[in-house]
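Student: So you can see what is in the structure, the chains are spelled out below.
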Amino acid sequence: KQEVTQIPAALSVPEGENLVLNCSFTDSAIYNLQWFRQDPGKGLTSLLLIQSSQREQTSGRLNASLDKSSGRSTLYIAASQPGDSATYLCAVRPSGTYKYIFGTGTRLKVLA
Amino acid sequence: NAGVTQTPKFRVLKTGQSMTLLCAQDMNHEYMYWYRQDPGMGLRLIHYSVGEGTTAKGEVPDGYNVSRLKKQNFLLGLESAAPSQTSVYFCATRQTEPDTQYFGPGTRLTVL
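These protein sequence lines are chains S and C, in that order.
With the first sequence counted from 1, adding 278 to any position gets you the working numbering.
With the second sequence counted from 1, adding 2 to any position gets you the working numbering.
Zero decoy hints are in this set.
Derived BS3-like pairs: lysine-lysine, alpha-carbon spacing no greater than 25 Å straight-line:
| # | chain 1 | residue 1 | chain 2 | residue 2 |
| --- | --- | --- | --- | --- |
| 1 | C | K59 | S | K279 |
| 2 | C | K59 | C | K72 |
| 3 | S | K377 | C | K72 |
| 4 | S | K346 | S | K279 |
| 5 | S | K377 | S | K346 |
| 6 | C | K73 | S | K377 |
| 7 | S | K320 | S | K377 |
| 8 | S | K320 | C | K11 |
| 9 | S | K377 | C | K59 |
Derived from the structure by calculation, the hints contain no laboratory data.
Between the sequences and the hints, there should be enough to build the whole structure, so can you do that?
Tutor: In structure tokens, the structure reads:
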């Protein structure tokens, strides 16, 4: 059974710092992996999608990497800003399914 | 273009009462999903649909029923609410290319 874990559960950093969020999954048979952002009391917004054949994707200050063989993905945020404060979730889509398995998220606080 | 909308936004039920949550989308997506989000548990898939007239069970389907009579609507029903169903419920649609999920704003349900 696929399980997705995100560590740490919470993180506080000063503004301007570069940071890395981690996501690990137990079964490497995935179709893709996505990173989402969730603001308090809101729904999720897709940030980056990495197909199983890709190693990384970039969007602005965000860079996501995927190492399928080791069951790991990282989300790198450059030059963090207070507006980046939110919960970040990763989700994998196991091969052969239309379902997504979500991690429990990392709650990020960027201090001004 | 409203995207994904959910009705109602908040609801309080007594144990044993029934209710229906409505998810509506205007993006013409085939796939729709119902999740629940609980503290420390991440998002868990309740039921999903791969097209009009179809439904399938997710990870935690017990106590819930769904219907997809029209492509744009996905209904989640609770026949006899229990305190364990207190949660925030999210509806999502899936765009196939690129493979991206779009989430509604959520429904906060409390069962007393």
